[in-house]
Every structure is written in C-alpha cells, then in structure tokens.
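K.L.:
For chain G, the structure is supplied; the task is to place chain B on it using the hints.
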Amino acid sequence: MTTATSAARLESFSYDDDIVRKFMWATLLWGFVGMLVGVIIAFQMAVPALNLGVPFLSFGRLRPLHTNAVIFAFAGNAIFTGIYFSTQRLLKARMFSDALSKFHFWGWQAIIVAAALTLPLGFTQAKEYAELEWPIDIAIAVVWVAFAINFFGTVARRRERHLYVAIWFYIASIVTVAVLHIFNNLSLPVGALKSYSIYAGVQDAFMQWWYGHNAVAFFLTTPFLGLMYYFMPKAAEKPVFSYRLSILHFWSLVFMYIWAGPHHLHYTALPEWASTLGMIFSVMLWMPSWGGMVNGLLTLRGAWHKVATDPILKFFVVAVTAYGMATFEGPMLSIKTVNSLAHYTDWIIAHVHTGALGWNGFLTFGMIYWLAPRLFQTKLHSTRLAEVHFWMATFGIIIYATAIYSAGLTQGLMIRAFDQTGRLQYPDFIETVLKLLPMYWARALGGTLYVAGILVMWYNVVMTWRKRPAAYEVPTYQAAPLAPKHVDPAPALPNGVWARFQAAHWHRIWEGKAVTFTVMTTVAVLVASAFEIVPTFLIRTNVPTIASVKPYTPLELAGRDLYIREGCFNCHSQMIRPLRYETERYGEYSKPGESVYEHPFLWGSRRTGPDLAREGGKRPDLWHVRHFENPREITPRSVMPRYQWLLQNSTDYGTIQQKVDAMAMLGVPYGAIEGGRALTQAEQMAREQAAAIARNIEKEGGPAGLQDKEVVAMVAYLQRLGTDIRKPAPGTTASTQGVTRAAPAGGQ
Amino acid sequence: MTPDPKGPAPHGTDDLLLDHEYDGIKEYDNPMPKWWLYGFYASMVFGLLYWLKVPGTGGNESVIAEYRADSTQAAAVFAQAEANKPRMGDADLVAMVGDARAIAAGKETFTKMCASCHRADGGGMIGPNLADAYWLHVKSASDIITVINEGVTAKGMPAWNAVLKPAQVNDVSAYVLSLQGTAVANGKAPQGDAVTLTDVKAPVTGAAPAAPSATIVPTAASEAPTAAAPANAGGRPTASREATASGG
Chain G
0 MTTATSAARL ESFSYDDDIV RKFMWATLLW GFVGMLVGVI IAFQMAVPAL NLGVPFLSFG
60 RLRPLHTNAV IFAFAGNAIF TGIYFSTQRL LKARMFSDAL SKFHFWGWQA IIVAAALTLP
120 LGFTQAKEYA ELEWPIDIAI AVVWVAFAIN FFGTVARRRE RHLYVAIWFY IASIVTVAVL
180 HIFNNLSLPV GALKSYSIYA GVQDAFMQWW YGHNAVAFFL TTPFLGLMYY FMPKAAEKPV
240 FSYRLSILHF WSLVFMYIWA GPHHLHYTAL PEWASTLGMI FSVMLWMPSW GGMVNGLLTL
300 RGAWHKVATD PILKFFVVAV TAYGMATFEG PMLSIKTVNS LAHYTDWIIA HVHTGALGWN
360 GFLTFGMIYW LAPRLFQTKL HSTRLAEVHF WMATFGIIIY ATAIYSAGLT QGLMIRAFDQ
420 TGRLQYPDFI ETVLKLLPMY WARALGGTLY VAGILVMWYN VVMTWRKRPA AYEVPTYQAA
480 PLAPKHVDPA PALPNGVWAR FQAAHWHRIW EGKAVTFTVM TTVAVLVASA FEIVPTFLIR
540 TNVPTIASVK PYTPLELAGR DLYIREGCFN CHSQMIRPLR YETERYGEYS KPGESVYEHP
600 FLWGSRRTGP DLAREGGKRP DLWHVRHFEN PREITPRSVM PRYQWLLQNS TDYGTIQQKV
660 DAMAMLGVPY GAIEGGRALT QAEQMAREQA AAIARNIEKE GGPAGLQDKE VVAMVAYLQR
720 LGTDIRKPAP GTTASTQGVT RAAPAGGQ
Chain B
0 MTPDPKGPAP HGTDDLLLDH EYDGIKEYDN PMPKWWLYGF YASMVFGLLY WLKVPGTGGN
60 ESVIAEYRAD STQAAAVFAQ AEANKPRMGD ADLVAMVGDA RAIAAGKETF TKMCASCHRA
120 DGGGMIGPNL ADAYWLHVKS ASDIITVINE GVTAKGMPAW NAVLKPAQVN DVSAYVLSLQ
180 GTAVANGKAP QGDAVTLTDV KAPVTGAAPA APSATIVPTA ASEAPTAAAP ANAGGRPTAS
240 REATASGG
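Top to bottom, those sequences are chains G and B.
The first sequence begins at 0 in numbering that gives the first Met the number 0 and counts up by one.
The second sequence begins at 0 in numbering that gives the first Met the number 0 and counts up by one.
Isolated chain G, as found in the complex:
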C-alpha cells in the first residue's frame, strides 16, 4: 500500500499500544482469578465443606462467578488485547479515539468488579452467562457500544482499502454480541439489583439458549478466529493457507451458528421443530468450524520445524486442534440421541473446557508470549519458561479432560440403567454422584496444574516487563488515505455464473466497502434469528396451556427468589425429559404449559443433584428443613452444601408485594385468583402461609418459630413444584393431547 496512488499525500500516524498493554495485564489478572475460582469450586465438588459455611463462597454463587470471569473477564480482555493491537495495524490507523479506548478499558474492568461483588452476594438473573443484574447489563451495553464506535470509527478512518479476514470476524462479533446481549437481558426491574425476565418458560429458555450458544459462538469463537488469522501467520511467518476457504467458512459460520441454540434444549418442553432445526444446523456447522482449523493448521505448512522450538506456535497448534475437537464434538452432541446421554452430565462441562482451556486459553497464551516482547520492546524473559508453561497447561488439560469426560459418561450411563425387573439400576441419585468423586479429585488436580501454569506465565511476563526501556519508542508510520472514489480493478473473470461466483471477486468488492460488509453480516445474523425466534413467540400451539397451572403464591414467589439467589439451578434442573429413565426417577415429564409463569425459566442445564421439577409433595416439610441445615444428616456423603443460614435469615416480607406486582405486570394473572387478593395483600398472604408451614414443621417434630425464616419460603416453593398438573382443572381439559399440529414454521 505504500506505493498507493497518491504518494504525495502520505499521512503520518502511530499506534496506541498503551491500551493494548492495559488489556494484556487485565487478561493476565482475570485469567488467574477466574480460573482460581474454578479450581476452588472444583474442590468443593469433592468436599462441600470447603465453602467454609459462608454463603458467598457456596458453589451455587461461585459457579456463575467462575463462568463469567473466564468468559467475559479473561477471554473478553484477551479479545480486546488482540483486537486493539491487530485492528490498528490491519487498517493502518490509530484507534478512532484514545478516550473511548480508555473508557472501554476502565468501563469493562468496573463491570468485572461489579460482577465479582454481586454474584457471590446472590444477585443474579438466573440465566447462564447472563447472570448479571440489570444495572450491570446496562453498563455492559454502554461500554460495548463505546467499543463499537471506537472500532467502526477506526474502520472508517482506515488507510487500507480492503478488510482482512480477521476484521470480518471482529465485525461479526461486535455486532452480534450487542444484539444477543440486549435481547436476552430484557427484564423488568423489581429493585436496585433484582429483575424478572420479560420472557417466561419456553420462550425464556429459547431466548436464553439462542443467547447462550451464540455467546460461545460470537464471544469465544469468532473473535478468537480473528485473532488466529492475525497472530498465527505472524508467528509462523507464513501466508494464510486459503483466502477462498476463509470467505466460505466465515459466512457459513456466521449464518449457521445463530440457528444452533435449541440443541441445548433437546427433549425439553421446547417445541420439537425448534429442537430439530437446532440439531441440523449444528451438524451443518461442523465443516464451517473446521474451515478455521484447516486454514490455521495448513498455514503452518513448511513451518512445522519451527513448532518444535517455538512455544508460541506450540500453543497455537494445540489451540487450533482443541478448537477442531470441540467443534467436532459440538455437532455430535447436538444429535438428539447422543444429547440424551450427555445432557445434564459432566460431559457438557468437559466439552466447554476443551474449548475454554484448549482453544481460548492456549490461543491467548500464545498471543501474550508473542505480544509481550513487542509491547515491552525487549526480549521475552525466558522461552524455556514459556515451554514449561506449555507442558503444564497441556498436562493440566489432559488430566482435566480425561477425568471429567469419564465422569460425564459414567453418570450418564448410570442414570439410564435399568435392571431386569424393569427398575432403575441406580435409583438413589447419590450413588451416581459418589461414583464420580475420584474423578472430581483428578479434575481439581488438572485444573490446579493449569492455573499454576498461568503463574509461570505471570512471572515470565513481569520479568519481561521489567526489562522494558525507560520510555517506549512510538514509531510513526506513513500511508496514504483512502481515495474517495475507489473501484476494484476487475481481473479477468471466468465465464459462467458459478465460476464467477467461485472466483470471489464480488467478495473482494465487499471487503472494500466496510458499511456493506457490516450490513450483510448483520442481516445474516438477524435473518437466522428471526426465523427461529418469531415462530416461537407467535405459534400458540408451541405452548399448550394447562388450566390447573396457577401462579405461585406470594410466599412461594419469595422462596423462588431464594432458590435463584442461592443458585440452586446450577446443580438442580427442573425439566424432566420424556425419557423413561427420567420419568421413572422423577415423575411425569415436564410440559410446556407448566412453565408459563416462570420468569425467568429455571430448567437448569446440569444435574449435580436430582431434578426438582416434581419435588412438590414428595417429602415432608421437616425433611427439607433438616436437609437444608445439613444434607449429610439425610443423605450420607451428599455433596450438597449446607444452607444453615436459611434457618437463621428472616424472610424479606417487605418486598413481596413489589414482586407480585412485577409479575402481574409481566402478565402473570394474579388478578384472576382468589379475587386478586395477592395484588393488595401479598405480604399478609405470605405470612399466613408461612405460619401454616411453620406449624406443620413443628408438628412433624421440627423446631418451632420458623415462620419468619427464609427456609419456610423455600419449603413453600419446593412443595409447590410440579404439583399443579395433578390438580383438577374445573371445566377444562388439562391435557396436551388435543393439540393440533402447527405449520412447520421455522424452516423455509
């Protein structure tokens, strides 16, 4: 480009590497913190007492902290590090605004700190990877928009006409994450740090996994593919294997990923057409995903001898290989029958860790080792230590993965085993958990090794930083601005439509038009989303109503919020699948109509403990009280944490009316039951119900005077779960049998 048309009008510019250094330090810090929390909860799985009996250290509250910290703090800062470094160079322009860069950096770190404070305190929306409450969600949206303005401003001021493939992936990520975040987090605030999702039940589950799956896609995959396309050829000093492959796999990935979300909800109350769509698009995603792996690995052709000596390339090779394995496994897990085995087990945990530890972690580590000497303008302190880190992390992953895949498969197979008398082979859920304990220990060990590797990297980077020059050199570059009118010189195009299409000159033209490119990407994402989301909301037969299903009483609602606060959904599902080994164990399978007042849905995704969808009436009240106080009194060796504070804390009766009102505003028909009494006397109703339950607990031989304690609200909620369909529905047929088939609305 230096020989561009108007050499006379060369502009001088420099790159802002200070912001890249900031993001890199943040990546290092949060990577350690996020994964340390992971190791802590890994040990808690084996020894629940390790939460020290402190509410904010209990598994249900720390687990979302771990996932959020690793995804948004570690991977997030890693993405920003790479994007801020590469975008400036790929576009030959300094970031649009240094102030916006700083705002982005400090805003993002403040959000992370807010998350680290609120999640352990139990403020959560109860939607996976979208746990943060509404004020933080607004902050995320604001900071993300600032980032987008900064990024697209830089694109607008670029001195490189065409956008490189890394930039395509950045564009797709920035646009889509904004869309996903905003639509999934729409909620009605009930207090400073409390809100209810505006969607309920099936729709909420659908939105959540449209979001959840695409958070994986557009936060952990596409931005990292962009980073790979920059740092891999840089480190290998080789050209990218195939330009045409990058075009096809970029567009197919962006378009198809969006559809795949429902594969997280196979066999649930989600309509089957959505589940089927999710499955077939997941299968079709296999090759588009592998396109990235192929392009990465084949870029190393002729450079494999370097891999032997260069830890950076080693990290990249393992990262891309892990990506390949995870994106083969993903389509496989999306096949319904495979999914029935893996869902709710540690297999899914193993799958995400292949991606997070292998792909995101290793790509980040390789990138940091490549960046550190360049950013600190000196040599890396020790290549040998980087090599040590590589092997520690590799063995860490191997130990982790072996253990936790075994755990997933073991539990999956035990859960579905029947004996020759037609009974479950392992009817006692705890049997399937105790079998996993040795594997949990091994997993914690593997994780510890991986985190220890990060400390080695810390040391290496800090020592490199100490060798930095007194003042960083800021080189100036020169390039011509973009000519206002530009026409891509047409090469000799082959004859025939298909041949012309394959020649990809049309795409070359798009690459020169940033607005067109961004619009096309956005259209791909939105069209795919609309095809799935709109029918889910419009087809009434998707969610056949059940007349006997009524809203929760005020006290039950308060109990439900405690269930959310404690993060019970992290270990207990509330969704019985229509599979015989589920219904034998838990009772009748869950119907869509049972979730219609569930703001948010609490179906869960992992069963470390049994499903609770039909918990109501299964056990006496006192059983629950004693179980909360100490689960091991009831089930020897249970791994559930103690919740003794539920017996000590007083129920917050003051906010119950507000909660009922909010639910009513969201369409829960409180006005139609008991003459709308809950709309005016919610607190009174809650106190009456609590007193009745407390009396019963006392009658059963339990402690007296529990009526104002949280445990009573929790018991009220649990005893209601799944009981409504057993009640008679006056004057209605409460069955889902008569539902007429709806049009196959998703596919055309």
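Since the hints were derived computationally from the structure, they do not count as laboratory data.
Not one of these hints is a red herring.
Restraint-style ranges between C-beta atoms, simulated for each label pair:
1) B:85 to G:702: 41 to 49 angstroms
2) B:85 to G:687: 48 to 56 angstroms
3) B:38 to G:303: 19 to 27 angstroms
4) G:386 to B:68: 51 to 59 angstroms
Below, a list of computed lysine-lysine pairs in the BS3-like style, where the Cα atoms sit at most 30 angstroms apart:
5) G:378 to G:233
6) B:111 to G:617
7) G:378 to G:101
8) B:111 to G:698
9) G:617 to B:84
10) B:25 to G:512
11) G:484 to B:25
12) B:25 to G:305
13) G:617 to B:154
Even for Gly, the Cβ is constructed at its ideal location relative to N, Cα and C.
P.N.:
What follows is chain B alone, placed relative to chain G:
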C-alpha cells in the same frame, strides 16, 4: 501492489499468492480442500433429509410417541416381573430376621433411604417410631412389606416399589421387624395401635437358634405351616436358619 502470481512456495507446490497483504500477512489462493467441501455438502444433504423425515410440528409429538411406546413395553416387563415375584408371608419375614445377611443388607438400605425420616435407630422423627410396638398401617408382619412397597403417600411415606428391588424390600422389612422391642432412647411417642408382630407361626424347624432375638419370640409350640417355607424367596431361608445374629 505489484501482482506476484508466483509467490514463494516453501513446500514445493505451486500455490498462488494473492496480490494483497495486510501488515505483512499474505494469503494463498488455494482452493478449498475437497474433503472439506464435500463434507460440507454432505452435512447439508443430511440436514435436509432429516428435516423432511422429522418435520417441524407444533409440539413434541414424535418424541412423546417414542416415549409412550417405550413406557408401554416397559410396563409389560415390569408387570411380568411383579407377577413372578415370590410372595412373602408373615412367617417368612419373621424367619428372615434370623438371616444375618438380610439384616445387614436391610440395615444398609434403611440407613440410606429410611433413616432420614425414621431416624437411624428407627426411633422415629418425621415418620413414626418403628422400634416400639405401635403401628399405624401394620396388622401383621408382612404388612410392613406392603407399606414399604405402596407407601402412605398422603402422610409423606413414599412408595418404594418402583425404587427398591423386591429382595431389597424384603431385607429392609426384615430389618424393620428386627427393630421391634429394641430399647431406643428418646423415641417418638407411640402412634396407632399396639400390635404383636411376632405372634406368627414359627418356621418349619422351630429350633431355638431360629429365634432371631430375645425381642421376637415366635410361638414355637404351635404347628409349623410347612407350605410357607418353600414359598419364600429364592432359597435364602433355609440357609438363614442357622444364623443367629440379629438386629445388625
């Protein structure tokens, strides 16, 4: 900007280097690998065929239909197994109390499944005291088996038939029976009627060692119902009669 159709081909191929370059990164104009491209096409064909085979519907019809078929089949298997289940009489259960293996197995199941409501020593808590002589739903020894199998769901006692295997139910019933008269401290106050569960006909031999413990005294004098013993479950009783241990 100078077109450079033949770039360096490090591994001896004639890959075409494209004429663009970004921050030093160049790209080859290689075609997509055939296996990759055909794999992609194949997955799309699969997707289309699957969609045609499992059409989108309003609800979960095909999944539910599969589930129903599975359940019907399983119900038949279960019913068959139930029909073949050996019936336990009062005397059979009393005899089992003398079976050390049965009592040990029963105790293990009791600790896991029952102790949470009836207390580890059977003294009662949420559920009634099983160590005293008062019973709510039991008139004779084998009623224990019935109550465990069918539960008293209205009062919170689950039905264990679908969970515990028949042999396990027998073992735990024998264990419960063996708790009769054990002096449990701080037991729950008596509920129901006093029933002498030990008032059954003695097993065949009626020998002294068969008397499981001092607390359960079969009326050894009466005639033994010889028919009862063979009806007992799977050969266990004969062997058990030598056992003298009881109550774990």
